[in-house]
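Terminal number for the sequence shown in the working numbering: 132, no gaps in between.
Check each hint, because a few of them may be wrong.
Said to hold, decoys possible - Now the in silico label distances, taken between C-beta atoms and shown as ranges:
1. Leu99 - Pro27: 31 to 41 Å
2. Lys129 - Met12: 28 to 38 Å
3. Leu28 - Val112: 24 to 34 Å
4. Gly100 - Leu60: 34 to 44 Å
5. Arg114 - Ile48: 39 to 49 Å
6. Ala13 - Arg101: 14 to 24 Å
7. Arg127 - His26: 34 to 44 Å
8. Arg127 - Lys57: 14 to 24 Å
Just so you know, these hints were derived from the structure itself, not from any lab.
Remember, it's a predicted structure, so these values are computed and weren't measured experimentally.
No residue lacks a Cβ here, since even glycine has one placed at the ideal position from N, Cα and C.
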Amino acid sequence: MASIGFARRGIQYFHPLSRYYVEFPPGPLGIGADYRIEPVEIRSGKTRLRLLSPTDSCRDRLSSFFHWNDRQGLEVAVRIAARGRVDLGRIRDWSEQERAVPRFEVFLEELERFRRRKRRG
């Protein structure tokens with residue numbers, strides 16, 4: 012990270028030209044109580060990146076909504092799901108395991124509301 016201009020502070024890396032930071036939390040990687048996370052690999056030119064899948068990214072943001080009532084997490088989860096590449100069945104099953112079915116229903120309502128707004132333009 013240093014070779015491309017990032018400075019480390021704890022588990023976070025900051026770049027002077029970005030308002031965002033990169034974080035490498037200690038493992039194991041988990042989403043809620045699920046620690047069976049399988050990163051996906053994408054390529055950009057010669058660079059390989061290992062990332063959360065869209066479904067796991069959505070679950071990660073929903074976790075913040077489920078457990079801390081983070082409305083921004085809900086909004087981001089909705090936007091991820093609206094792109095259409097998430098497994099809603101898997102997210103529903105995980106929500107049941109997290110004992111968060113009522114919050115999952117809120118997520119589905121917000122997703123439908125978001126889709127209706129997009130259709131209207």
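Which of the stated hints cannot be reconciled with the structure, identified by number in ascending sequence?
3, 4, 5, 6 and 8
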